[in-house]
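Peer 1: Can you build the whole structure from these sequences, using the hints too?
For the sequence shown, our numbering assigns the number 121 to the initial residue and increments by one for each residue that follows.
By construction, these hints were calculated from the structure, which means they are not laboratory data. Just to be clear, a hint being listed does not mean it is correct.
List time: in silico SDA-like cross-link candidates among lysine to any residue, alpha-carbon distance up to 25 angstroms [to be verified]:
| hint | residue 1 | residue 2 |
| --- | --- | --- |
| 1 | K229 | T332 |
| 2 | K365 | T417 |
| 3 | K312 | K269 |
| 4 | K268 | L201 |
| 5 | K151 | N174 |
| 6 | K257 | I373 |
| 7 | K269 | Y314 |
| 8 | K361 | T310 |
| 9 | K151 | L169 |
| 10 | K257 | R326 |
| 11 | K269 | V225 |
| 12 | K281 | V359 |
| 13 | K348 | L322 |
| 14 | K216 | G232 |
| 15 | K216 | F238 |
| 16 | K313 | L350 |
| 17 | K236 | K162 |
| 18 | K269 | T332 |
| 19 | K281 | E191 |
| 20 | K348 | E419 |
| 21 | K428 | D362 |
| 22 | K233 | L350 |
| 23 | K361 | Q400 |
| 24 | K229 | E142 |
| 25 | K280 | F302 |
| 26 | K375 | K223 |
| 27 | K439 | F390 |
| 28 | K375 | R315 |
| 29 | K312 | K236 |
| 30 | K163 | D205 |
| 31 | K348 | Q379 |
| 32 | K223 | R321 |
| 33 | K162 | T442 |
Pairwise CB distance ranges, derived in the manner of DEER restraints [claimed, not checked]:
| hint | residue 1 | residue 2 | range |
| --- | --- | --- | --- |
| 34 | V393 | R330 | 28 to 38 angstroms |
| 35 | R329 | L350 | 24 to 34 angstroms |
| 36 | K233 | P168 | 49 to 59 angstroms |
| 37 | G199 | K312 | 44 to 54 angstroms |
| 38 | D274 | L350 | 23 to 33 angstroms |
| 39 | I155 | E333 | 27 to 37 angstroms |
| 40 | Q423 | R329 | 16 to 26 angstroms |
Here the structure is a predicted model, which is why all the values come from computation and not from measurement. The beta-carbon is built from N, C-alpha and C at its ideal position, and this holds for glycine as well.
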Amino acid sequence: MMKQILFPLLICLAFAFLLSAELAVGDSVSKALSIRIDEVIKKAHARPLRSDVNTPWVVMHAVVAFENDLEVFNVESDGKLNAIDYLTHHAKFEGKLIYQDVKGVPTLKTRGKGDKSFLIQDHVDQFLFAYADAGVKLDREIVSRTGKKFTVQDKLNFAKKSFLEDQELGWTLVAVSSYVPFDEEWKADTGKKYRIEDVMRLAIQRDPRRETEGGPHHLYGVAYALRKYLDQGGKLVGVWKDAKKYLDKYVAITKDFQQKDGAFSAAVFFRSVRPRTPRQLISSTGHALEWMSVALTTEELMQEWVLKAIDRLVTDMEKFPTEVFSDGGLYHAAHALRRFREATDG
Numbered sequence: 121m122m123k124q125i126l127f128p129l130l131i132c133l134a135f136a137f138l139l140s141a142e143l144a145v146g147d148s149v150s151k152a153l154s155i156r157i158d159e160v161i162k163k164a165h166a167r168p169l170r171s172d173v174n175t176p177w178v179v180m181h182a183v184v185a186f187e188n189d190l191e192v193f194n195v196e197s198d199g200k201l202n203a204i205d206y207l208t209h210h211a212k213f214e215g216k217l218i219y220q221d222v223k224g225v226p227t228l229k230t231r232g233k234g235d236k237s238f239l240i241q242d243h244v245d246q247f248l249f250a251y252a253d254a255g256v257k258l259d260r261e262i263v264s265r266t267g268k269k270f271t272v273q274d275k276l277n278f279a280k281k282s283f284l285e286d287q288e289l290g291w292t293l294v295a296v297s298s299y300v301p302f303d304e305e306w307k308a309d310t311g312k313k314y315r316i317e318d319v320m321r322l323a324i325q326r327d328p329r330r331e332t333e334g335g336p337h338h339l340y341g342v343a344y345a346l347r348k349y350l351d352q353g354g355k356l357v358g359v360w361k362d363a364k365k366y367l368d369k370y371v372a373i374t375k376d377f378q379q380k381d382g383a384f385s386a387a388v389f390f391r392s393v394r395p396r397t398p399r400q401l402i403s404s405t406g407h408a409l410e411w412m413s414v415a416l417t418t419e420e421l422m423q424e425w426v427l428k429a430i431d432r433l434v435t436d437m438e439k440f441p442t443e444v445f446s447d448g449g450l451y452h453a454a455h456a457l458r459r460f461r462e463a464t465d466g
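Peer 2: Printed below as a string of structure tokens:
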């Protein structure tokens with residue numbers, strides 16, 4: 121009887137050991153897994169983008185994943201353009217350039233209640249977030265419908281002036297922690313004054329489950345800003361220490377809700393739910409890995425449970441054509457994998 125119990129147990133332990141060895145070698149990601157990651161990143165990058173097929177919202181997501189290394193075929197000019205140049209100079213919606221000149225401010229149509237999603241900008245500061253995350257310089261030129269030229273700096277100035285405490289904060293945290301010195305104070309149109317740590321304090325008081333897509337973008341903003349702060353010599357005290365505890369809490373929940381095959385819960389932080397389709401798996405697991413790729417240290421990213429999730433994500437990205445996945449899901453997954461490779465010396 122004891123042999124009947126021990127034999128299956130030993131098989132399971134042996135399989136777990138072999139899987140762990142396949143995914144990591146010592147303190148490094150295994151060569152086999154690294155190659156697989158790089159190949160699916162290339163696969164996502166090779167997906168063609170066209171001005172007559174893909175909305176500015178889609179191109180913006182692709183920029184998050186691939187930064188300056190991306191092109192869009194612009195039908196109007198019958199040629200390929202750098203994706204960031206396309207968004208800032210050429211992208212159109214309903215036949216007009218996406219940037220409007222509203223009282224001297226470079227403004228984008230942002231989705232409101234009842235509006236369709238996935239067209240231009242679904243959230244306040246979302247394009248500014250994309251530019252910041254992609255390393256776009258503040259003097260990058262933006263052309264509006266009137267022909268008036270602006271810069272990314274103008275977008276940042278407007279984001280600071282128009283800041284409201286009840287707006288989504290994840291996108292804004294990435295933007296301000298990229299472009300604004302941590303000791304700088306600015307005054308919003310409400311009359312209140314803020315530093316980045318004030319925005320962080322507001323962010324970590326929120327329940328991520330009430331944020332966009334159940335919280336991954338909110339947590340990415342918190343993790344990104346904390347990482348920027350620490351990289352610049354900041355100390356883990358006060359609100360920054362609280363931010364680390366906040367992130368640790370949701371890392372633990374993510375791990376607790378992880379599926380046996382390595383995928384992360386389709387219900388994010390609500391409960392443990394197995395993704396039902398490849399599309400859902402790429403979205404849920406990719407979004408989770410994206411924020412954790414900046415929330416976790418290199419050593420933490422090398423943990424078996426994280427590598428198992430990476431392997432599961434890569435497996436479905438290998439198996440299915442990119443058309444199977446949602447636009448946002450695909451590009452957030454690719455971004456997560458790129459961040460992971462950078463963090464683990466890829």
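Peer 1: Does each hint hold? Answer for all of them.
Peer 2: Verification of the hints:
Taken as a hint, the K229 and T332 pair is honoured in the structure, with Cα atoms around 18 angstroms apart against an allowance of 25 angstroms. Proximity of K365 to T417 is assessed by CA-CA distance (about 14 angstroms); at most 25 angstroms being required, the pair is judged to hold. With a CA separation close to 29 angstroms, the supplied pair K312 and K269 exceeds the 25 angstroms bound. For a cut-off of 25 angstroms, the pair hint linking K268 to L201 stands: about 21 angstroms separates their Cα positions.
Between the alpha carbons of K151 and N174 the distance comes to roughly 35 angstroms, so the proposed pair goes past 25 angstroms and is violated. Distance check on the hinted pair: K257 and I373 sit about 36 angstroms apart at the alpha-carbon level, beyond 25 angstroms; violated. Using a Cα cut-off of 25 angstroms, the hinted pair K269 and Y314 is violated, with the two alpha carbons roughly 28 angstroms apart. Using a Cα cut-off of 25 angstroms, the hinted pair K361 and T310 is violated, with the two alpha carbons roughly 28 angstroms apart.
With a CA separation close to 30 angstroms, the supplied pair K151 and L169 exceeds the 25 angstroms bound. Straight-line distance between C-alpha atoms of K257 and R326 comes to about 30 angstroms, which puts the hinted pair past the 25 angstroms bound. For the proposed pair K269 and V225, the alpha carbon gap of about 10 angstroms is at most 25 angstroms, so the pair holds. As the CA atoms of K281 and V359 are separated by approximately 23 angstroms, the hinted pair is consistent with the 25 angstroms bound.
At most 25 angstroms may separate the alpha-carbon atoms for a hinted pair to count; K348 and L322 meet this at roughly 18 angstroms. The straight-line distance between the Cα atoms of K216 and G232 is roughly 19 angstroms, inside the 25 angstroms bound, and the hint therefore holds. Between K216 and F238 the alpha-carbon distance is near 17 angstroms, which keeps this suggested pair within the 25 angstroms criterion. Between the alpha carbons of K313 and L350 the distance comes to roughly 23 angstroms, so the proposed pair stays at or under 25 angstroms and holds.
A hinted pair counts as satisfied when its Cα atoms are at most 25 angstroms apart, and K236 with K162 does not qualify at roughly 30 angstroms. Taking the CA atoms of K269 and T332, the gap is near 32 angstroms; set against the 25 angstroms cutoff, the hint is violated. Annotation: proposed proximity of K281 to E191 is violated, straight-line Cα distance about 33 angstroms (limit 25 angstroms). Distance check on the hinted pair: K348 and E419 sit about 18 angstroms apart at the alpha-carbon level, within 25 angstroms; holds.
This hinted pair does not check out: K428 and D362 have alpha carbons roughly 28 angstroms apart, beyond 25 angstroms. Note on K233 and L350: the hinted pairing is violated, with a Cα-Cα distance of about 37 angstroms set against a maximum of 25 angstroms. For the given pair, K361 sits about 33 angstroms from Q400 by alpha-carbon distance, which is inconsistent with the 25 angstroms threshold. Distance hint between K229 and E142 is unfulfilled; the C-alpha atoms sit about 47 angstroms from each other, more than 25 angstroms.
Distance hint between K280 and F302 is fulfilled; the C-alpha atoms sit about 14 angstroms from each other, no more than 25 angstroms. Our distance criterion of 25 angstroms between C-alpha atoms is broken by K375 and K223, whose separation comes to about 48 angstroms. Taken as a hint, the K439 and F390 pair is broken in the structure, with Cα atoms around 28 angstroms apart against an allowance of 25 angstroms. Of the supplied pair hints, the one linking K375 and R315 is violated, its CA atoms being roughly 33 angstroms apart against a limit of 25 angstroms.
Proposed proximity of K312 and K236 is contradicted: the alpha carbons are some 33 angstroms apart, above 25 angstroms. In summary, the hint linking K163 to D205 is supported, as the alpha carbons are separated by about 23 angstroms, within the 25 angstroms threshold. Taking the CA atoms of K348 and Q379, the gap is near 31 angstroms; set against the 25 angstroms cutoff, the hint is violated. Restraint check: the Cα-Cα separation between K223 and R321 comes to about 31 angstroms, which exceeds 25 angstroms; the hinted pair is violated.
At most 25 angstroms may separate the alpha-carbon atoms for a hinted pair to count; K162 and T442 meet this at roughly 11 angstroms. Between V393 and R330 the C-beta distance comes to about 18 angstroms, which lies outside the given range of 28 to 38 angstroms. For R329 and L350, the Cβ-Cβ distance of about 26 angstroms falls inside the hinted range of 24 to 34 angstroms, so the restraint holds. For the pair K233 and P168, the supplied restraint of 49 to 59 angstroms is violated, since their beta-carbon distance comes to about 33 angstroms.
Under the hint 44 to 54 angstroms, the C-beta atoms of G199 and K312, about 47 angstroms apart, fit the expected range. Range check, D274 to L350: Cβ separation about 29 angstroms, and the 23 to 33 angstroms hint holds. About 30 angstroms separates the C-beta atoms of I155 and E333, a value consistent with the hinted range of 27 to 37 angstroms. Between Q423 and R329 the beta carbons are some 24 angstroms apart, a value that agrees with the proposed interval 16 to 26 angstroms.
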